[in-house]
Structures are given as C-alpha cells and as structure tokens.
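**Student:** All chains, please: the whole structure from these sequences, using the hints.
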Amino acid sequence: MPGRRWNKPSWLALALLLMAVPTFIYLGFWQLQRAHEKELLLAAFAGNAGAQPIPLAAARQQVIGEVFPKVEVSGQFDPLHTYVLDNQVRGGRIGVLVFAVFEPADGSLPLLVNRGFLATATDGSRAPIPAVEAGAQVLHGLFAPPPGVGMRMGGNALARQTQWPKLTVHIDLTEIGADLGRRLDSRVLLLDADVDSGFEREWTPQIIPPERHLGYAFQWFCFALAALVIFIVLHWRRPRSESN
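Residue numbers (the working numbering): 1 to 244.
The set of hints was computed from the structure by calculation and includes no laboratory data.
Virtual Cβ for every residue (Gly too), placed ideally from N, Cα, C.
Mixed in with the good hints there might be a few duds.
[To be verified] Derived CB-CB ranges, DEER-like:
1) 87 to 183: 55 to 65 angstroms
2) 167 to 44: 42 to 52 angstroms
3) 108 to 19: 44 to 54 angstroms
4) 19 to 91: 43 to 53 angstroms
5) 127 to 181: 27 to 37 angstroms
6) 130 to 108: 43 to 53 angstroms
7) 93 to 130: 15 to 25 angstroms
8) 91 to 29: 46 to 56 angstroms
9) 46 to 236: 50 to 60 angstroms
10) 52 to 94: 15 to 25 angstroms
**Tutor:** In structure tokens form, the structure reads like this:
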C-alpha cells in the first residue's frame with residue numbers, strides 16, 4: 001500500500017501560513033497579558049476602596065485610562081437634578097442606579113455622583129429615592145469612568161422629559177451635560193458604602209473580566225494550531241493509485 005508523501009506547497013500557501021500562525025500566537029499572548037493587567041486592575045480597585053483619599057483636584061490631574069483612585073471632594077449637591085439609570089441588576093434583583101449632580105466648592109466642573117442601587121419592589125414599583133443632603137459636605141469615593149453607554153436607540157430621551165428625576169437607560173455625560181446646560185467632569189464618583197444612606201454600594205469596575213481575555217487567548221492559540229494542521233493535511237497526501 002503506497003504511503004503518504006509531502007506535496008510541495010505553493011509560495012502563496014507558505015506565505016499565508018507564515019503570516020497567520022505567528023499573528024495568532026502573538027494575539028494569544030497579548031490576550032494573556034491583558035488578562036494579567038485586568039487581574040492587577042481588579043486588585044488595585046479593591047485596594048483603592050480602603051485607601052486614604054486624595055483631593056479630587058489631584059486625581060483629575062493624574063488619572064488616565066482604567067484607574068480608580070479614592071478621592072475626597074468638598075461641595076454641595078444640586079437638589080433639583082437627579083438621573084435614574086434603569087434596568088440594572090444586582091444579586092439577581094432588578095433595580096436602578098441613582099445619579100446626582102455635585103458642585104465642588106472650588107468651582108471646578110460639576111461631578112456626577114453614583115449614589116448607589118435601589119431594588120425594584122416585587123410588584124414592579126420603584127422605591128422612593130432618598131433626597132440628597134443639603135448644605136456643604138465632604139464626599140469620599142472612587143473616581144471612575146462612567147458606565148458603558150452600549151447600544152442606543154431613539155435618540156436622547158432626556159430632552160423629552162419634563163419631570164425630575166429623569167429616567168435613562170444609559171449614562172452619557174455629554175447628553176446629561178447638554179440636558180443640564182453645563183459641562184460635566186468626564187468621570188463619575190462612586191460613593192463609599194453607607195448603611196444609613198438607603199442605597200446599596202458594591203462597586204465593580206466596568207471592564208472586560210480576566211476570564212474573558214483567557215478565553216480569547218485560547219481561541220487565538222486554537223486558530224494557530226488549526227492553521228498549521230490544515231496546512232499539513234492539505235500538503236501531506238496519499239498518492240493517487242496508478243491505473244492498470
């Protein structure tokens with residue numbers, strides 16, 4: 001019985017293999033690196049929650065990308081304007097996140113403050129929103145990017161609402177700033193936990209988790225292996241049987 005023999009690949013097939021396999025392997029290791037970075041980020045996020053706060057003004061000068069410094073800011077809440085982020089889930093329960101506008105005492109850009117989660121009642125009704133505290137106060141929390149906007153349909157619904165609080169399905173700081181008639185800070189403040197506030201505050205960073213990056217890495221390595229196997233199968237063939 002004749003054995004298999006190696007068919008010399010074309011230059012095009014060889015070039016494609018030499019481009020594809022290293023690229024897939026590189027992307028796999030890149031995803032592994034991203035997974036490691038996200039693990040460090042999650043650890044830093046957890047560590048910052050219990051860290052000593054720094055002034056908001058200092059944090060504004062140093063934050064870049066996916067960092068979440070613990071900050072302290074003096075000022076007062078705007079009692080008239082509240083935004084409610086609908087369709088949120090915490091611990092299997094549906095509810096809302098409540099955002100208020102905070103005016104720093106130094107006159108810098110207003111800051112959108114995430115006051116926390118309120119669960120919807122079993123009959124579907126929303127819990128009453130506790131009023132913001134009046135007067136000057138000092139807030140502590142994590143200075144973080146806003147929640148992801150995601151897919152939007154129907155345009156800006158805030159402009160069509162006339163009563164407060166206003167309901168939204170995404171937090172877009174540009175849209176909220178336009179609704180308020182003033183520019184907001186590009187980040188939000190995730191308030192420290194307070195059992196007397198009436199809100200649940202268990203924050204997690206809005207990032208792709210490390211496990212997903214590991215899954216992506218596995219896929220890229222599989223692509224590299226598949227490309228190599230396909231190349232070998234296509235060029236390591238059984239010779240055609242000779243006719244009598």
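**Student:** A separate judgement is required for each hint: does it hold in the structure or not?
**Tutor:** Structure-based check of each hint:
1. Checked against the hint of 55 to 65 angstroms, the pair residue 87 and residue 183 fails, with Cβ atoms roughly 27 angstroms apart.
2. For residue 167 and residue 44, the hinted distance range of 42 to 52 angstroms is not satisfied, since their beta carbons lie about 33 angstroms from each other.
3. For the hinted restraint 44 to 54 angstroms between residue 108 and residue 19, the CB-CB distance of approximately 51 angstroms keeps it satisfied.
4. For the pair residue 19 and residue 91, the supplied restraint of 43 to 53 angstroms holds, since their beta-carbon distance comes to about 47 angstroms.
5. Our hint of 27 to 37 angstroms for residue 127 and residue 181 holds, since their Cβ atoms are close to 29 angstroms apart.
6. For the pair residue 130 and residue 108, the supplied restraint of 43 to 53 angstroms is violated, since their beta-carbon distance comes to about 26 angstroms.
7. Between residue 93 and residue 130 the beta carbons are some 18 angstroms apart, a value that agrees with the proposed interval 15 to 25 angstroms.
8. Between residue 91 and residue 29, the C-beta spacing of about 36 angstroms breaks the proposed range 46 to 56 angstroms.
9. Remark: the range hint 50 to 60 angstroms for residue 46 to residue 236 is upheld by a beta-carbon distance near 52 angstroms.
10. Between residue 52 and residue 94 the Cβ separation comes to about 36 angstroms, which falls outside the hinted range of 15 to 25 angstroms.
Checked against the numbered hints given earlier, the structure breaks hints 1, 2, 6, 8 and 10 and satisfies all the rest.
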